[in-house]
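Got chain X sorted already, so can you dock chains R, A, L, Y and S onto it with the hints?
Line by line, the protein sequences give chains X, R, A, L, Y and S.
Mapped onto my numbering, the consecutive letters of the first sequence carry residue numbers 1179 to 1438.
Mapped onto my numbering, the consecutive letters of the second sequence carry residue numbers 1179 to 1438.
Mapped onto my numbering, the consecutive letters of the third sequence carry residue numbers 1179 to 1438.
Mapped onto my numbering, the consecutive letters of the fourth sequence carry residue numbers 1179 to 1438.
Mapped onto my numbering, the consecutive letters of the fifth sequence carry residue numbers 1179 to 1438.
Mapped onto my numbering, the consecutive letters of the sixth sequence carry residue numbers 1179 to 1438.
Worth flagging that the hints you see were computed from the coordinates, not collected in a lab.
Remember, predicted model here, so these are calculated numbers, not experimental data.
It is possible that part of the hints are untrue.
Just so you know, same-sequence chains aren't split out, so a pair can sit in one copy or run between any two.
[As the list claims (entries may be wrong)] Dumping the calculated SDA-like pairs for lysine to any residue here, alpha-carbon to alpha-carbon at most 25 angstroms:
id, residue 1, residue 2
1, K1419, V1309
2, K1307, E1353
3, K1363, S1273
4, K1307, D1329
5, K1307, A1277
6, K1378, R1322
7, K1307, D1270
8, K1195, H1212
9, K1233, S1331
10, K1360, E1418
11, K1191, N1352
12, K1378, F1303
13, K1191, L1355
14, K1233, G1385
15, K1437, V1365
16, K1325, I1432
17, K1436, R1229
Number of protein chains: 6
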Amino acid sequence: MGVLADMTWPQVKDELKEIRVALIPVGATEQHGHHMPLGSDSYCAFEVARRTADKEKALVVPAIPFGISHCHMSFPGTVTLSCDTLARVITDICSSLYAHGVDKFIFINGHGHNGPTIATAMDEFKKDKEVFMFVIPWWIAGGRLTKELWDFSGGNLPDGHAADIETSGMLAINEALVDMNKADKVVLGALAGTRIKFNKSTAVTLGDYPVELATISDFKQFTESGVIGGALQASRDKGEKVLEAVTDFLAELIRELKKV
Amino acid sequence: MGVLADMTWPQVKDELKEIRVALIPVGATEQHGHHMPLGSDSYCAFEVARRTADKEKALVVPAIPFGISHCHMSFPGTVTLSCDTLARVITDICSSLYAHGVDKFIFINGHGHNGPTIATAMDEFKKDKEVFMFVIPWWIAGGRLTKELWDFSGGNLPDGHAADIETSGMLAINEALVDMNKADKVVLGALAGTRIKFNKSTAVTLGDYPVELATISDFKQFTESGVIGGALQASRDKGEKVLEAVTDFLAELIRELKKV
Amino acid sequence: MGVLADMTWPQVKDELKEIRVALIPVGATEQHGHHMPLGSDSYCAFEVARRTADKEKALVVPAIPFGISHCHMSFPGTVTLSCDTLARVITDICSSLYAHGVDKFIFINGHGHNGPTIATAMDEFKKDKEVFMFVIPWWIAGGRLTKELWDFSGGNLPDGHAADIETSGMLAINEALVDMNKADKVVLGALAGTRIKFNKSTAVTLGDYPVELATISDFKQFTESGVIGGALQASRDKGEKVLEAVTDFLAELIRELKKV
Amino acid sequence: MGVLADMTWPQVKDELKEIRVALIPVGATEQHGHHMPLGSDSYCAFEVARRTADKEKALVVPAIPFGISHCHMSFPGTVTLSCDTLARVITDICSSLYAHGVDKFIFINGHGHNGPTIATAMDEFKKDKEVFMFVIPWWIAGGRLTKELWDFSGGNLPDGHAADIETSGMLAINEALVDMNKADKVVLGALAGTRIKFNKSTAVTLGDYPVELATISDFKQFTESGVIGGALQASRDKGEKVLEAVTDFLAELIRELKKV
Amino acid sequence: MGVLADMTWPQVKDELKEIRVALIPVGATEQHGHHMPLGSDSYCAFEVARRTADKEKALVVPAIPFGISHCHMSFPGTVTLSCDTLARVITDICSSLYAHGVDKFIFINGHGHNGPTIATAMDEFKKDKEVFMFVIPWWIAGGRLTKELWDFSGGNLPDGHAADIETSGMLAINEALVDMNKADKVVLGALAGTRIKFNKSTAVTLGDYPVELATISDFKQFTESGVIGGALQASRDKGEKVLEAVTDFLAELIRELKKV
Amino acid sequence: MGVLADMTWPQVKDELKEIRVALIPVGATEQHGHHMPLGSDSYCAFEVARRTADKEKALVVPAIPFGISHCHMSFPGTVTLSCDTLARVITDICSSLYAHGVDKFIFINGHGHNGPTIATAMDEFKKDKEVFMFVIPWWIAGGRLTKELWDFSGGNLPDGHAADIETSGMLAINEALVDMNKADKVVLGALAGTRIKFNKSTAVTLGDYPVELATISDFKQFTESGVIGGALQASRDKGEKVLEAVTDFLAELIRELKKV
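Next up, chain X with everything else stripped away, as it sits in the complex (with noise of 0.2 angstroms):
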């Protein structure tokens, strides 16, 4: 198992002796659409974790419930950390894991928008420390890892927001939650009757070029439901072979570290 809310604490102690090896999962507290719940990227990161721990054994930290959320706060009930906030949560999680001998960290990061400070975290952490750590955002990874099961084509985005991907991520781990009958389809266009594109929401592409360069203030300004992308052909099933994908990888990666 090793889901440490639900350990003891002579149980951690013994784990411990075997692996160093702990799973963070980074969610968020944010609008998902109509047809998601707002605690969908902590389900989803937690549950990834969970999975992965049953494949090859490792500490399931608890997840962190709230992420940067900022470019998301026009919708009601979403909360946001300051990315100094959730820098600071994340290294005193890493400092209470590391002072109990963990020297091997694995971020499952459930919303991109935590990534930047997710990384200065680390870059911060890690000097003057002999440790590994890796970030790994689920539905980034899941999705290249499961390409086959996906419609990249004409702006459906499956790795958007709220789009296919997560959504059938959520399906998966607790389909109660979605109603399939609101889900939604936005397509990104133009920004402010420009000639520049988005291609995702902190992506443009200008002319020809296909470099990457934007990021979106509040998604208001492009998407009614809060949807980016296409959530229309998600499926429980799609759900269960994505993060069947991405936690074989994970529990891979664990088996490799524990060599070290």
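Below, chains R, A, L, Y and S alone, put in the same frame as chain X:
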């Protein structure tokens, strides 16, 4: 219902038209003896909030799963935040909710050492705002509301650490995570060979004076198992009763606040 | 003696060979009704420390003359520190003293709202150090040690703000700074038209439940004069007695700590 | 023109009437192998900005000459800022420019590890402001726009550290500061004896999985000279071409933004 | 009068109708040789403020009793704040007073090393506010205003540390706290065997160049007693004169500021 | 040579075997009247460092191109850092260099308002380290070393802002960036209709008292062009002379420090 993580943003939007009260569970990931899991404080705080909202509608924020647990760091698996980090998390959550219209905040505290940090965060947040902020340590309040259930004699300290009240609560919430065969009772003694005697982990008596004034640095110096007080008289039935009492009280508090 | 501000460094050096206990008065500059000066909390906390050190040698640090007084800012002259600022001051003082060999710290708190901040500062400072840290709100402790002197009936709250205990203390310390003709009595009522009733400025009762849970944002909403509780029964004699009792207690505490 | 450091304030005042776009070069002072100077990232980022502004008017802010270079500290002369420090510098620059009317910010990033910090600073800055913020790592964007020039085969990594693209750029900017006789090629291998293989300094592959997820703590463990990838195929001519391509692109971007 | 700590809030309210000038003494708790107490800087700064307010009404804030004393930490009893902590204290005090209507702030600095921190705090505070802020190191200003009293020859440095001016001031304020039999004279020499010569603790000369540029890290390396300069010519009479001169000057300054 | 940005890391490694002195230019991006560019302070500080290192080997760090320029923000193009930000940049630079073995730090300050922040950063950095830290405002030191060149009469203030010394220095460094036809002379007057008179931007006199004590909040209130003092007598020749004098002095200082 009102569990934020399980709602969509349009559902939150609707609910905020009627109610502007948020319940914020503050937990911990820290040792709770040989018989209780590390996530006990988070599980209990969240469940108190959830059951309260079932009685009287309110928004239930995801539990903050980490708290101020410095003095438990000798026990493997404990994760501790600095007071500053936790204060920032609380502030960011309150700021986000306030932006959506929430102006009544009730912190359901699951861990004693979080108290001062919640208090300082509240003190700063409420400056220049018309808000109502409350904090309730569920096991203290619950314990007082069900005095007849608990044995306070001879250092049994049912409101100690991983003691009767918490253990009973956890039994009511998820029996599978508690192993009563490993429950312990630890009676606190004197401080380092002096006449200063502990009457709980954050309070002492000196001579006949019933004055509170101390704090324990490292629980390991006082308890081998991690328990402080007695957990031997805990039961699921007592747990249901204490949860019932404290959630009745909180529901009543919310009802009163809705009049404002 | 032991008043740090009045000693030369060679005198401190000598004293530190024997004793390693510091008394740190934490005051405030805040309204104390029409009858008491703004410096009351600082004067009282310092005097308690000074008289204690006369009974049992200890280093008396200069009083921190500002505290957490946000909720008194409607009254001209009040100066308030942020919780973070006060915590840093406390930490820097303790670090300095610790570098000189002090390992027992007793905070003499003169103002209730300073409590949580002192607690968080202590919590952070004592990590990884072998130190003993205590905090004692002098008027609470003193009040309990001299219960027979005070009238707790009918909302008189002798341990309220600028009430009987503080007023008596200040009369004993410097009668010229108190004008008993302007002393007031203010009984707290209910919160904003609800059944939630205050039983002191940081605690309420709801229905029959004797549970503490609230905090007042702006004292102006509850008291015109600034007093909370009754100051009408204060006297210099009572002041001498409460100071005597609390300094006896503290001297005893220091004696015990010197055995460690 | 538009180089802020070379303009008087009345000239800036005039220019701001027409244009509200700032180019902010973010550099580094860090090892670039035996063949390139420590200031390479700053020189390149600034020159990209300067040449862009020659094509399409924009304010060119002085290059931030230090970046996030923790993992290069084993190499003498490297200067590193904490992520927090760099984020504050960026925020203060943006706040100052915003006060003068700039509302479009394009960061010309010269060093990969600065990326997450720039992203977090942008995320915080754009809250509650109507601004457009872009970040472009010049050598990545430039490399993609001139794919035909570079040899990506066999771990040559032309966009690695001090590799072909950067070296070519520096040759074009100031040939005297590059010693091609000392250029090196370093092919990254596996992580600590595992099957986890680097495909650049911040990315690995595991088995057949093409998933990015790792970060190197200390470059010294991977490269003796400091180079990652190959610098042997660099030339001044290629440098001119990649600078031409990326500044064409940026000028086009500015033109589009001026329409908003 | 105008001593804030001794006034009631209605008295302050009245006084603020006429005057909006605050005097903020910034002291220190640091070694002052064998002959002066650790609180000398605080006592002097506060007394200068108090005597000034007797001449021309102004609010006298309680002295900040701790300063920047890192370089005195080798001497037992010294308490030092970090520059950041002191800056925050100053900012919070000014913010509080500003909220009550004060817009002229005069810092009476009692300790040289506090100077830069006061300056940075002022620099940040006055942004976007219509305020007047002054800082006056009382012994430097006083020394210049009474040049005829002091012997500046041969490294006597009457404005050094615990030297003639400070000692005389303290004699005038509280003779009982000074032991002239233990007064010392220490002439500063050269820096670590070089031709760089100190002309006070924060300034040197090199060759014939009268240029200031250095700072001492640890006073212990330069003075056994803690004194820098000469304290042998101090007298109570000189102390009265220097206090008279500097408070006359400050009263005049307040009078001028009241015209604005 | 010794210009860090232009050296490879093996060159730095070699140089550090002999010398352990770093020159750190601290500049600004701020208005310098109609006749000088915004980068003047950075250009001058860097050039002083570079020319010094040509005379006596030392490591020349890239100039910090932004400083404390709050009071110049009314002039377009000015960029200002908070004192805290600049202090962090300085600290990070010093920590990095210290890690490589540098233990003598000379700040070449190009802008008066940076002074207090550099001082606080030094004060914190040197705690617990055996380092030598100096700061020299080049135009003040240079001005004193070449007194015969400058006209200090009648408020001409050659060491004012964008005045004769700075203008001459900039002419010597890059004549093309200075337009002497637009040079100005501004004589400071009294403060807001009082008898308080400025004798430079950070100092006043009151009555006959030659005491420094004030600071200007917004330069716009005192000077339309941005100049304070006179720039009309500047010349390239004087610039060469003042640069020669101050770099001779600094080279001598480095020579002395190398003996330690």
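Hint-by-hint comparison with the structure:
Taking CA atoms no more than 25 angstroms apart as the test, K1419 paired with V1309 passes in neither setting, with 31 angstroms inside one copy and 40 angstroms between copies. For the homomeric pair K1307 and E1353, neither the shortest alpha-carbon distance inside one copy (42 angstroms) nor that between copies (38 angstroms) is at most 25 angstroms. For the identical chains of this complex, K1363 and S1273 are neighbours neither inside a copy (42 angstroms) nor across copies (31 angstroms), given an alpha-carbon limit of 25 angstroms. For the homomeric pair K1307 and D1329, neither the shortest alpha-carbon distance inside one copy (42 angstroms) nor that between copies (35 angstroms) is at most 25 angstroms.
Within a single copy, K1307 and A1277 get their C-alpha atoms as close as 12 angstroms, and across copies as close as 16 angstroms, so both meet the 25 angstroms cut-off. In this assembly of identical chains, K1378 and R1322 lie within 25 angstroms of each other by CA distance both inside one copy and across copies; the values are 16 angstroms within and 18 angstroms between. For the homomeric pair K1307 and D1270, the shortest alpha-carbon distances inside one copy (15 angstroms) and between copies (19 angstroms) are both at most 25 angstroms. In this assembly of identical chains, the alpha carbons of K1195 and H1212 lie at most 25 angstroms apart only when taken from different copies (18 angstroms versus 46 angstroms within one copy).
For a Cα distance limit of 25 angstroms, the shortest separation of K1233 from S1331 qualifies neither inside one copy, at 34 angstroms, nor across copies, at 35 angstroms. For the homomeric pair K1360 and E1418, the shortest alpha-carbon distance inside one copy (21 angstroms) is at most 25 angstroms, but the shortest distance between copies (38 angstroms) is not. Taking the closest pair of Cα atoms, K1191 and N1352 come within 25 angstroms of each other only across two copies (23 angstroms); inside a single copy the shortest separation is 32 angstroms, beyond that limit. Taking the closest pair of Cα atoms, K1378 and F1303 come within 25 angstroms of each other only across two copies (21 angstroms); inside a single copy the shortest separation is 30 angstroms, beyond that limit.
With identical chains, the CA atoms of K1191 and L1355 are at most 25 angstroms apart between copies only, with a shortest distance of 17 angstroms across copies and 36 angstroms within one. In this assembly of identical chains, the alpha carbons of K1233 and G1385 lie at most 25 angstroms apart only when taken from different copies (17 angstroms versus 46 angstroms within one copy). Taking the closest pair of Cα atoms, K1437 and V1365 come within 25 angstroms of each other only across two copies (23 angstroms); inside a single copy the shortest separation is 45 angstroms, beyond that limit. Within a single copy, K1325 and I1432 get their C-alpha atoms as close as 23 angstroms, which meets the 25 angstroms cut-off; across copies the closest is 35 angstroms, which misses it.
In this homomeric assembly, K1436 and R1229 come within 25 angstroms of each other (Cα to Cα) only inside a single copy, at 18 angstroms, whereas the closest approach across copies is 42 angstroms.
Violated hints, listed in ascending order, are 1, 2, 3, 4, 9; each of the other numbered hints is respected by the structure.
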